[in-house]
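As a plain string of letters, each chain reads:
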Amino acid sequence: MDSHADHAVRRYFGIFAALLVLLVITVGAAYVHLGAANIVVALVIAVVKASLVAWVFMHLRSSTPIVILFALGGVFWLVILILLTAADFLAR
Amino acid sequence: MSVVSPAPPLRLKESYLSVSFTIRSWLLSTDHKRIGILYLLSITALFLFGGAAAVAMRVELMTPQADVVRAEVYNRMFTVHGVIMVWFFLIPSIPAVLGNFLIPLMIGARDLAFPKLNLASWYVFMAGAAFTLWAIVRGGVDTGWTFYTPYSSTYSNSYVMLTATGIFITGFSSIFTGLNFIVTIHTMRAPGLQWFRLPLFVWSLYATSLILVLATPVLAISLGLIALERLFGFGIYDPNKGGDPLLFQHLFWFYSHPAVYIMILPGMGVVSETIACFSRKAVFGYKVVAMSSLAIAVLGFLVWGHHMFVSGQSTYAGLVFSLLSFLVAIPSAIKTFNWTATLYKGQITFATPMLYALGFIGLFTIGGLTGLVLASLAVDVHVHDTYFVVAHFHYIMVGGMVMAYLGGIHFWWPKMTGRMYPEGWARFSAILVFVGFNLTFFPQFLLGYLGMPRRYHTYPAEFQVLNVMSTAGASILGVGYLFPLTYLLWSLRYGPRAESNPWNATGLEWQTPSPPPTYNFKETPVVTEGPYHYETGE
Ligand SMILES: [Cu+2]
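In the order they appear, the protein sequences are chains A and B.
For the first sequence, our numbering begins at 1058 and goes up steadily by one.
For the second sequence, our numbering begins at -13 and goes up steadily by one.
Take these hints with a grain of salt, some might be off.
[What the hints assert, rightly or not] Simulated restraints, written as ranges between beta carbons of each label pair:
| id | chain 1 | residue 1 | chain 2 | residue 2 | range |
| --- | --- | --- | --- | --- | --- |
| 1 | B | D371 | A | R1149 | 17 to 27 Å |
| 2 | B | R56 | A | A1148 | 37 to 47 Å |
| 3 | A | L1080 | B | A364 | 45 to 55 Å |
| 4 | A | G1092 | B | F220 | 16 to 26 Å |
| 5 | A | G1092 | B | G298 | 22 to 32 Å |
| 6 | B | L313 | A | G1131 | 21 to 31 Å |
| 7 | B | S297 | A | A1074 | 19 to 29 Å |
| 8 | B | F218 | A | V1098 | 52 to 62 Å |
| 9 | B | L14 | A | I1096 | 20 to 30 Å |
| 10 | A | Y1088 | B | F100 | 40 to 50 Å |
[Claimed, not checked] Covered stretches of chain B, going by a simulated chain A footprint (3 or more residues, C-beta under 8 Å):
| id | segment |
| --- | --- |
| 11 | 286 to 294 |
| 12 | 297 to 306 |
| 13 | 327 to 337 |
I should point out that these hints are in silico values taken from the structure, not numbers from a laboratory.
In this text, all values refer to a predicted model and were calculated from it rather than measured experimentally.
A virtual CB, placed ideally from N, CA and C, is assigned to each residue, including glycine.
Just chain B, same shape as in the assembly (with noise of 0.2 Å):
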């Protein structure tokens, strides 16, 4: 997007960190840029907790036998591992931190619509998180993080409502945050700046926004028919009182497959982005990517059904779920093909950024045609609930989004901190994560087609030796996050100062130096073009 007027000269102490350094301000800020950080904070700590939890898993399934933990401290593992990482890390990862970040950087506005909401989301994030942690800490769950019932409503006697309320609150942050997004879209726009000149980053959050805000009340409804439950003895989901125990799948699954679709929309936006700077060329097929997002938005409501086909439920709506599921893969396989077609003849170059989104389209690629193997009636009763379904979810989740989200926070560290990371360093551990997270989850497809089952701390001696290289990956994987934590925050004293555009992109954000003064823009810019010219402009 060209600016009319190219940014002045910034002195330093008018950027958004200089303001002013107390604790204070950060608590109390309501610029966009400085929440972002906190969410990048919170959610750091957040993920490293239930990597912890991950890793005790990964050493516990080293032997056959149960040598750790017990069998309940091992349910209870599991369930934080996946409550912290899917409401607590996943969901607010990209949208909370890149795109609160950027969105009114990329639109050329000096904030989100409601920026004291902004702040009051982390608030309720926080809330939401204090409350799952202290669940934790009084003795955990047992349900894993679906809560199915009867047993989260009638029998577990873990502490299913004090996470469930935890949950509960931080949906409400969830909801603040794409309505903000949504609202600030439509309204906040910088002159010239049509829908179809929007980045696709924009794009993809504004469809993650829409997810966000249809699909949340649902999960609060059916955490709130199990308190109605659990407490008050009302007959929701227990057929002994009239109630439908597949009601809670189907409701929570309303919630949660959609949710995936939160997690991985701005995984793909920011791919969109890299893929586009690092090819030097516009992305191919802009408008059929930016329509994707709002299809899978969309078509990503129909299919929560394939998550039931052993469960009961009939037959005939098997066939529709698994039908709808396999037409939501073709928005997702256009981006792919486009995504590839864009760096056809580009002048590619492998910085990090560019690495992680690479590693993105095959592990993506890989987790998506392993989903249609789900989605097929007939197979899906032999891996259902096995460690097929686990490496399935883990390829999308964390091959495709933490992969998105690391290679994200590469390319607008500059911008964010005003600081370089080490280019060397970034790029090795990028492989790193590649490595390993291929190791760790690729034998569990394998183990998931021979038949083990998922959520046991003992399995027969013949799937050893796979679980134990998938352990090796999971070692290797956890260093390789651990490089970036510690030359990312490195960076912040040691790294060369960056300029306003270090990778010479196209966008707003790059029109406005590093790091952007607290109103992002000296003066509003105009856009003529779309949002990237990099064929012409370079």
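Chain A on its own, in the form it takes in the complex (with noise of 0.2 Å):
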């Protein structure tokens, strides 16, 4: 059993150790000038974070096909959210 605390409180400081890394890249993106493409990587660097948030830390990799299908229907909303918001914003 020891081991295996062990085992899990290594990854969260892995993952948290990984989180930081992309905080850096996120920061050191913003300086570097790529015109439209700067967004796409900081919204990019974003999602992989987030996922590995809910993936690790939420525990959905330890979690029933139903909660990881409901977590996905969040995601598929906030595509709705967006999606629909860029018909307006795009087509103005």
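Combine both chains into one complex, guided by the hints.
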């Protein structure tokens, strides 16, 4: 059991470190001039970070399929929100 | 649903009402039935408060000139009315009162999945209500319940942030309730209670809960972003700072259109139960009615742009939203047709809950069809922001949801309190509510079509006759609401004691004594058939 708990703690710190690295990359990328690609890079990094948090810290990786399905449902609804709002904004 | 063992007769002191009489036992109760009653008391008080604001408005509108209040006060009155009625009455009404009380009973469970979370939801709700009432006492808000930017974010000098905070807080009680219902329906069904044996009331609340959980966070976001702009000067909605004022309307209606379905779907669930019981028939096309609840929940998220046809939204987006709005009418129409088909050749009795249910069907149909008028791009340009919209909205919300709520309260009153209400008075008030409602709001369709804008305290003299009719109707409607308040309270002491199943209805909640014991069932029921076995069972 002990080594199992150790393993879990190590994983949490690993993810924490990864999040910090991604944060540094986000800040760094903001100083590199990429034009429209800047926003894309920032959003991709943000999605990766959010996924790591949901998958590990929020225990989705060890959840039942129906819980994962509901989590994906939340993402899908976010897509609806952005897509239909963009349908207005981009076509104005 | 048939139960293997009939409920043994209950000694009265075992009922959830008589386990303890202390205030503490109520305020710290995790019993879903007691929390339902707490919600019932709270939202009744808030309903009277929101209703008083409406009465004041109708009094002002009796004459074309301003004679009771100034424009600034009138703005605050319609905002109070909208905010209180939407977030502190309609959204919690059927889910938090009847849903709380009935879902565990209907699925044969001892309680909801998270009883403490359920109690927390009531406290969070009361905290939000306290914030909002405080804002009103300090001077109120004048933005309308819709909080449109840039007025709310830049110009309004009223207590926008305080009210928005109250609504923000209350949103969490919605999320707690929705989450609790979803998990409960997934995990706590009695043995043999498959999904397609669930009562339609449970299906409709499952769909409602999905909306509560998926939409409410977006309301919190849209109000939170107003706070960022108002307090810290972020450029979210203000174009001078690189924001977009229409973004607020997108975010707000992404919540608030589905919220309309939060407010009507539970009413449809009540109607399905009462129509079946008082026609002595199974609901026609049970599976289709169940699925149409889910269809409404999903499609309801795709239509919000129909509030923005004249806002400067792109015409192409308007076209898409218009088309999708027509589509969402289909599942609602399916329900209406199926209820009508259920009545066909039924043994109909006109008990009070049935009167409310029949009223619901008629008024909801008018409200729904005028919704299609509003969803038509070109016609909407003419009737947008007029009393036509006000009338349409109230036909759904008051003619639909409040009628269903009152019908449900009457239907399950014997179960909740162990007492029967006086049937004669109840039928009389149901008719009074129906007449008063139509007299209040039908003239508003005409006023709107003639061009009277909403949210003004004065109007041209030629609109007076219709406005006086509307005010007269509102007085009848008000009396129609005070009657049930009186005789239901009266029945608590003087009403005859109710049997466990006074309507001879199917459904697990009727298989346990009235009022039920704390953990609902002496023995966990086992379900062997669908919910409405009226034809074979009686
Ligand atoms: Cu809408």
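Cβ separation of G1092 (chain A) and G298 (chain B), checked against the hinted range 22 to 32 Å: holds (28 Å)
Does the beta carbon distance between G1092 (chain A) and F220 (chain B) stay inside 16 to 26 Å, or does it fall outside? For F220 (chain B) against G1092 (chain A), whose Cβ atoms are near 24 Å apart, the range 16 to 26 Å holds.
Does the Cβ pair L14 (chain B), I1096 (chain A) satisfy 20 to 30 Å? Violated - the Cβ-Cβ distance for L14 (chain B) and I1096 (chain A), about 50 Å, lies outside 20 to 30 Å.
Within 17 to 27 Å or not, the Cβ separation of D371 (chain B) and R1149 (chain A)? Since the Cβ atoms of D371 (chain B) and R1149 (chain A) sit about 21 Å apart, the hinted range of 17 to 27 Å holds.
Can you tell me whether the CB distance of L1080 (chain A) to A364 (chain B) sits inside 45 to 55 Å? At roughly 51 Å between Cβ atoms, A364 (chain B) and L1080 (chain A) fall inside 45 to 55 Å, so the hint holds.
Residues of the segment 327 to 337 of chain B with Cβ under 8 Å from chain A, three needed, outcome: violated (count 0)
So is the segment 297 to 306 of chain B in contact with chain A by the C-beta rule, three or more residues under 8 Å, or is the coverage claim wrong? Coverage by chain A holds for the segment 297 to 306 of chain B (7 residues, Cβ < 8 Å).
For the hint 40 to 50 Å, verify it against the beta carbon of Y1088 (chain A) and that of F100 (chain B). Holds: the Cβ-Cβ distance is about 47 Å, inside 40 to 50 Å.
Lying within 52 to 62 Å: is that true of the beta-carbon distance F218 (chain B) to V1098 (chain A)? Hint violated: Cβ distance 26 Å, outside 52 to 62 Å.
Taking 8 Å as the C-beta cutoff, is the stated coverage of the segment 286 to 294 of chain B by chain A satisfied by three or more residues? Holds, because 5 residues of the segment 286 to 294 of chain B bring their Cβ atoms closer than 8 Å to Cβ atoms of chain A.
Assessment of proposed distance window 37 to 47 Å (beta carbons of R56 (chain B), A1148 (chain A)): holds (42 Å)
Pairwise beta carbon distance, S297 (chain B) to A1074 (chain A), judged against the given window 19 to 29 Å: With Cβ atoms ~47 Å apart, the hint is violated.
When each numbered hint is compared with the structure, violations occur for hints 7, 8, 9 and 13.
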